[in-house]
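S.K.: Letter by letter, the chains look like this.
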Amino acid sequence: MRRSALANGLVIETVHLPGRPVAVAVLGLDVPLAAEPPGLDGALLAMAHTFAEGAGHLTSDELVSRLARVGATWFPGSGPDGPRLVVEVPTAGLGTALQLLAVAVAEPRFPADAVRRYATRTAAQLDAYAAGGTQVDVINAMVDPGHRMSRRVEGDADSLRALTSEALLELHSSVVGPDRATLIVVGDLSTVDVPALAERSFSGWAARARLATAHPAPVPRATPRLIVVERPGAEQTRLALGTFGPDRGSPDWPALTVAGHVLGFGATSLINSALRERDGYSYGFDTRLVPLRRGSVFSIAGAIRGDATPDALSGLLDILHRARLEGLDPARCESARKHLVRTMPLMFETPRAVAQSRAGLIGAGLSEDYQDAHIAAVGAVTPIEASEALARAVDPAALTLVVVGDPGHCDPGRLRLAMSEATRSGRSGGNEAAVMKRWR
Amino acid sequence: MTGPGPGRIPALRTRLPNGLRVVVSEDHTVPVAAVNVSYLAGSAYDPPGGSGTAHLTEHLMFQGSGNVRPGEHTALISEQGGTSNARTGLDSVSYVERFPVGALDLVLWLEADRMAPPTGNPTADAVAAQRRVVVEERRQTERSTPFGDLLRRTLRLLFPAGHPYHHAPVGLDRDLATVGPAELASFRRDHYVAGNAVLSVVGDVDAERVAESVERYFAFSAADAPARAAVDEPAPETAPETAPETVPGSAGGSAAGGEPSRDDADGTHGGLVQIAFRLPPEHAPGANASEIALTALGAGVTSRLHRRLVVRDHWSIQVAAEVLRLAGTSIGSVRAHPGPGVSTNDLETLVLEEIDRFMADGPGPDEFEAAAAQLRRTRLQRFSSCAGRADEFARWALAPASLGGLGGLGGMDDTEPRAQAPDLDAVRQAAKAWPRGRDRAVVAYHAAPASAWWAS
Chain G
36 MRRSALANGL VIETVHLPGR PVAVAVLGLD VPLAAEPPGL DGALLAMAHT FAEGAGHLTS
96 DELVSRLARV GATWFPGSGP DGPRLVVEVP TAGLGTALQL LAVAVAEPRF PADAVRRYAT
156 RTAAQLDAYA AGGTQVDVIN AMVDPGHRMS RRVEGDADSL RALTSEALLE LHSSVVGPDR
216 ATLIVVGDLS TVDVPALAER SFSGWAARAR LATAHPAPVP RATPRLIVVE RPGAEQTRLA
276 LGTFGPDRGS PDWPALTVAG HVLGFGATSL INSALRERDG YSYGFDTRLV PLRRGSVFSI
336 AGAIRGDATP DALSGLLDIL HRARLEGLDP ARCESARKHL VRTMPLMFET PRAVAQSRAG
396 LIGAGLSEDY QDAHIAAVGA VTPIEASEAL ARAVDPAALT LVVVGDPGHC DPGRLRLAMS
456 EATRSGRSGG NEAAVMKRWR
Chain R
221 MTGPGPGRIP ALRTRLPNGL RVVVSEDHTV PVAAVNVSYL AGSAYDPPGG SGTAHLTEHL
281 MFQGSGNVRP GEHTALISEQ GGTSNARTGL DSVSYVERFP VGALDLVLWL EADRMAPPTG
341 NPTADAVAAQ RRVVVEERRQ TERSTPFGDL LRRTLRLLFP AGHPYHHAPV GLDRDLATVG
401 PAELASFRRD HYVAGNAVLS VVGDVDAERV AESVERYFAF SAADAPARAA VDEPAPETAP
461 ETAPETVPGS AGGSAAGGEP SRDDADGTHG GLVQIAFRLP PEHAPGANAS EIALTALGAG
521 VTSRLHRRLV VRDHWSIQVA AEVLRLAGTS IGSVRAHPGP GVSTNDLETL VLEEIDRFMA
581 DGPGPDEFEA AAAQLRRTRL QRFSSCAGRA DEFARWALAP ASLGGLGGLG GMDDTEPRAQ
641 APDLDAVRQA AKAWPRGRDR AVVAYHAAPA SAWWAS
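Same order as they appear, the protein sequences are chains G and R.
To convert, count from 1 in the first sequence and add 35; that's this note's numbering.
To convert, count from 1 in the second sequence and add 220; that's this note's numbering.
Honestly, the hints are just simulated from the structure, not real lab data.
For each residue, glycine too, the CB sits at the ideal point set by N, CA and C.
A hint or two may mislead.
Distance condition first, Cα-Cα at most 20 Å in a straight line; then the derived DMTMM-like pairs of lysine to aspartate or glutamate [said to hold, decoys possible]:
(1) G:Lys-373 <-> R:Glu-299
(2) R:Lys-652 <-> R:Glu-542
(3) G:Lys-373 <-> G:Asp-407
(4) R:Lys-652 <-> R:Glu-479
(5) G:Lys-373 <-> R:Asp-325
(6) G:Lys-373 <-> R:Glu-292
(7) R:Lys-652 <-> R:Glu-573
(8) G:Lys-373 <-> G:Asp-287
(9) G:Lys-373 <-> G:Asp-314
Some chain G residues well away from chain R (every beta-carbon gap over 10 Å; in silico) [what the hints assert, rightly or not]:
(10) Pro-67
(11) Ala-103
(12) Ser-113
(13) Glu-123
(14) Val-171
(15) Glu-234
(16) Arg-245
(17) Pro-286
(18) Arg-323
(19) Lys-373
(20) Glu-384
(21) Gln-391
Just a few of them, taken from the derived set where beta-carbon distance is under 10 Å, the chain R residues facing chain G [what the hints assert, rightly or not]:
(22) Val-250
(23) Val-288
(24) Pro-290
(25) Ala-349
(26) Arg-359
(27) Phe-440
(28) Gly-657
Build the full structure now, drawing on both the sequences and the hints.
M.R.: Take a look at the structure:
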């Protein structure tokens, strides 16, 4: 791995992976969602999606045709630090692709028609695909409504409707610049000089005075919530549970990494061996410990047979409750610890995997040696430490729940009773509860 | 020049006396490896009335083997830092492990234990539990996911009842209910034999040493491999009487008239129209040309459908095109989501017009160049990971020789047919040969068109 920087502040990181002819370039922009103007939720993602719609002297058609001819593909997206562009291209086309990337990000046009098309498509997709009951939904539900993280990255129908070319141009000129950007390039770089290519392409991108763009830590809501979204006729119920967890700098972080793995990773984890393999309630639950810029989110989500909703919820909470009370099985902790330490080489197999991993760490503001230190720390975690970290981080009686399903399966009273019994907490009405007819 | 393909990547190929085909390819970039064991036992081999049998069998293959307890296969590999998974396709079922290379012997031993002839039937409890899991899997992927039943609907239109590709791997609940321990044991006994499988190993390994380990672990006695499903039979009622330049297994080039076969559904998640048709088998000559043509027509922002229907006319908010690669006859599909104020029916008419126009004229030179470059990249990427390369080797070794595959390992030193880059003319000819009329299948999801809100 090599690092350098251009005079305008753009940081360039390269990783050479021999024998990998398709390079991956990630341009990450350090711009928090909080920089979006009021009422324009989704503006940053819209920007990422419309960078390729014409820039500098190039029309959209010219730009995408040139990319396509060198075999490049282009994925807009967002990371923990802000919008991101990912380009995958055979190394022979890397020079062309970087030039086009530079023009797109430095001199975008955001044509009105393209912004409108993006907004229309995204609003329709939100309508069709945002079924609710996912990890994203539970994170939104946990955060104080005054914080941007309480709302979707994509925005909603109203904010998308309000997006204009002018608004994106203004936002771009006020918050996007090379001194807040990182370019990561991974692949077989034996025949290309990436820093030289980057110098040629990006050195004309001028840094400008901009608004301050700090990343505010999310403010949790005062009380955990139970949110029931009614979907009459749904065969399955989607359950999502979440809580805020420790920061990556915390000594609990490596221990909680191990505990999360024991609970929810794969078909043999505690949750899946009960709810999937034993009970057949679900195709599988997904447990995640997702780091934020500061702090983290611990969440569990999955779909279950509708008529088993209260039983499955009890079962799930009972697993968490017992783990907290009795500790985790030491053999399972050992097995998880070994997996986490030994799996490292798999994260370096492809340019895509390496680039994603580097972009995630840089986006979270972590240093170059973080990953090695983290794995070393995970390797030293004892079963007792894993159990204690879990007990501190995850109180099953204090989880926020999003439940999406048929009203006959998701009666809030029954769900609260199931929660209260499983956690022996007496949690039965003290929490804010909301029943919605429709998500949003 | 299309970069590496199985024919150019060095690999050790051998066949054990029991018929097991073995491919080993070294890649020393990173100290990891992938093992892929593929059996010609996909949903095309489900017994009549037993749709979902192949897929349920896949689930039960994680419920223990001769020397391994239920769940232990996954747990042992996980402890070594690896992951294991499986998927059931129409042609084959693949068991795939990715792991740090130190776990190689363990993984080979586990796969051998799983391939060894079972000593008894699965228990009724294990079958019942996995059947419940599969029912939830189907509800989640097919019914709770927008347009999740698209594949099922498409297959039903393109392949007549009784054709091996008529149904989707996940099966029907009513069929699954009839599949018990005896049926599963019989399916496994018939299809999970060495002569019906390919073992492919790719990674930071010494090929000769892997071959030795494989000979040691997989030394079962031979059992007869079952007959290959008739995946390449054209649909009887739609077979063209004269088919100029017909490639095996394809109804291509048909002059079939009439209206497309169709399936209309309620679009609870919005509108969508998909037009699908048969294409040459994945390894046949002509497959590459057809895929380039389909990419030029509808895949990505440089495609003709995107430029015209999305950017220029706003009839659609999103288009897509893809090839489902199958050994017998691949499936090409074009999808479009209606734009505000546009009905699915109107969009269908527009997409069909564009397809007809495209078939008549073919892609322009720029469209051809862009599509060919996109496919070259995706191909290079498939061969750039151990698991991807192992999968390509397995697919090729399992595909019948009559349809461009190896049907074994015999021709593996030859240059792969698909690696020969077609020129613009070949791509135009391929598009001209796409099925028309009733040999097209339309699946349409109808929803009330959204209003054009920006106009207000």
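S.K.: Work down the list of hints and note, for each, if the structure agrees.
M.R.: Now the hints, each set against the structure:
1. G:Lys-373 <-> R:Glu-299: 6 Å, holds
2. R:Lys-652 <-> R:Glu-542: 17 Å, holds
3. G:Lys-373 <-> G:Asp-407: 15 Å, holds
4. R:Lys-652 <-> R:Glu-479: 18 Å, holds
5. G:Lys-373 <-> R:Asp-325: 18 Å, holds
6. G:Lys-373 <-> R:Glu-292: 15 Å, holds
7. R:Lys-652 <-> R:Glu-573: 14 Å, holds
8. G:Lys-373 <-> G:Asp-287: Satisfied, since the Cα-Cα distance of roughly 18 Å is no more than 20 Å.
9. G:Lys-373 <-> G:Asp-314: 28 Å, violated
10. Pro-67: Pro-67 of chain G clear of chain R: closest Cβ-Cβ about 28 Å, beyond 10 Å.
11. Ala-103: Incorrect as stated: the minimum Cβ-Cβ distance to chain R is 4 Å, not above 10 Å.
12. Ser-113: 19 Å, holds
13. Glu-123: Since the minimum Cβ distance to chain R is about 7 Å, Glu-123 of chain G lies within 10 Å and the statement is violated.
14. Val-171: 16 Å, holds
15. Glu-234: 25 Å, holds
16. Arg-245: Label holds. Min Cβ-Cβ 30 Å, cutoff 10 Å.
17. Pro-286: Answer for Pro-286 of chain G: holds, closest chain R Cβ roughly 24 Å.
18. Arg-323: 16 Å, holds
19. Lys-373: With a cut-off of 10 Å, Lys-373 of chain G comes too close to chain R, as the shortest Cβ separation is near 5 Å.
20. Glu-384: Since the minimum Cβ distance to chain R is about 5 Å, Glu-384 of chain G lies within 10 Å and the statement is violated.
21. Gln-391: 13 Å, holds
22. Val-250: 5 Å, holds
23. Val-288: With a minimum Cβ separation of about 12 Å from chain G (threshold 10 Å), the hint on Val-288 of chain R is violated.
24. Pro-290: Because about 8 Å separates Pro-290 of chain R from the closest Cβ in chain G, which is inside the 10 Å limit, the hint holds.
25. Ala-349: Given a least distance of 5 Å, the restraint on Ala-349 of chain R holds.
26. Arg-359: 5 Å, holds
27. Phe-440: Given a least distance of 27 Å, the restraint on Phe-440 of chain R is violated.
28. Gly-657: It is violated, given that the least Cβ distance between Gly-657 of chain R and chain G is near 31 Å, above 10 Å.
When each numbered hint is compared with the structure, violations occur for hints 9, 11, 13, 19, 20, 23, 27 and 28.
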